[in-house]
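Novice: Those protein sequences? They're chains C and D, same order as listed.
Numbered per our numbering, the first sequence spans residues 1 to 267.
Numbered per our numbering, the second sequence spans residues 1001 to 1074.
In short, the hints are calculated from the structure, not lab data.
Take these hints with a grain of salt, some might be off.
[Said to hold, decoys possible] Ranges of calculated distance between the beta carbons of each label pair, as one might list FRET restraints:
no.: 1; chain 1: C; residue 1: 155; chain 2: D; residue 2: 1045; range: 54 to 62 Å
no.: 2; chain 1: D; residue 1: 1057; chain 2: C; residue 2: 191; range: 17 to 25 Å
no.: 3; chain 1: D; residue 1: 1032; chain 2: C; residue 2: 176; range: 28 to 36 Å
no.: 4; chain 1: C; residue 1: 180; chain 2: D; residue 2: 1050; range: 32 to 40 Å
no.: 5; chain 1: D; residue 1: 1032; chain 2: C; residue 2: 187; range: 18 to 26 Å
no.: 6; chain 1: C; residue 1: 23; chain 2: D; residue 2: 1057; range: 39 to 47 Å
no.: 7; chain 1: C; residue 1: 184; chain 2: D; residue 2: 1032; range: 23 to 31 Å
The beta carbon of each residue, even a glycine, is placed where N, CA and C say it ideally should be.
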Amino acid sequence: MTGGRGERAWWAYAVLWAADAGASLPRLEGVEPKSRVEVVREGELAALVSQVPLDEYGDGPLRRRLEDIGWLERTARVHESVIEGALSVASLLPLRLCTIYRGREALRELMSGRREALTAALARIDGCQEWGVKGFATGDGAPASAGSDLGCSERPGARYLALRRREREAAAQTRESRAAGVREIHDRLSALSRAAVANPPQRRELHGRPQAMVLNGAYLVPRQGDAAFSRAVAELAREHRGAGIELELTGPWPPYNFVAVPQRVAA
Amino acid sequence: MNASAVTVGGSPRPAPASDDLALIDLLDRLLDGGVVLAGDITLAVADIDLVYVGLRALISSVGAAQARGVRLPR
């Protein structure tokens, strides 16, 4: 889609209850500098949107901009800050980055057509926020013993092979106990959550740490359970440090991982 | 931004300023999570793949710069 000069489009951030989209909503700036975040209402639902110029956010220009990582980062952070600003007063469904409408009417029609799925999703996340817990493999857990009790010093070849076998066994043991630790961490945190998901670990070249990621969990936690949840993360971190697992807690996040609405089946 | 990261495994570290919130954590959520509504303009899977290719290049160059002790502009 290409836009003529001066044509406007609407960048959408989130869907929430219309009743929550009232005066208590903070004043927020949109992804386009100086643009105001506005509310589009449709029945009991509302969406947060802001204007963008279509000649910069149409299909072609948008694709070119995505290759500019600086633009992408700024835009992602503004999108997130609008959602978090609204999250302080309302439960909401965050929308995926770059959901753009040519007119407010198209968005209204969509909210009306997807009403049931959207209200069900809002009910599921009501009163909850998302926490992220990542686990990294540190060191190699309990180090293998030096093999001083292997004896047989008159047969250095056999001694070498025994040593290597012992190292392999120890490494396998470490991997197993670490995997068991990760399962236990995820299970215990899931028990404190309304919903939980273990996402595929981020690749090393993306998270930028030397250690491998062994857990990439997201947890939907009722707000009154936040303190208990972060205490549990700290406890689990202490318990599993010896097994070579380091934990990192991020959040609270809008519930990005828990708002999937069924796709409409294509006609 | 409310979301912040704090390491609770090794030695305790203060939570970094919100700007330090890892871009990868944010983009994983914004590009892979969230509600997918049919917009007039939306990202295709191929666009998102493209973003990750760019991101990987950026992160590896940032990592290399930091290893050399270069101070990066913020």
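Novice: None of the hints should be skipped; say for each whether it holds.
Specialist: Quick rundown of the hints versus the structure:
Distance hint check: the CB atoms of residue 155 (chain C) and residue 1045 (chain D) are about 59 Å apart, consistent with the given range 54 to 62 Å. At about 40 Å, the beta-carbon gap between residue 1057 (chain D) and residue 191 (chain C) misses the expected band of 17 to 25 Å. Checked against the hint of 28 to 36 Å, the C-beta distance between residue 1032 (chain D) and residue 176 (chain C) comes to roughly 30 Å, which is consistent with it. In this structure the hint that residue 180 (chain C) and residue 1050 (chain D) lie 32 to 40 Å apart at CB holds, the actual value being about 38 Å.
For residue 1032 (chain D) and residue 187 (chain C), the hinted distance range of 18 to 26 Å is satisfied, since their beta carbons lie about 24 Å from each other. Here the CB-CB span from residue 23 (chain C) to residue 1057 (chain D) is close to 45 Å, well matched to the stated 39 to 47 Å. Separation of residue 184 (chain C) from residue 1032 (chain D) is about 26 Å and conforms to the stated range, judged on CB atoms against 23 to 31 Å.
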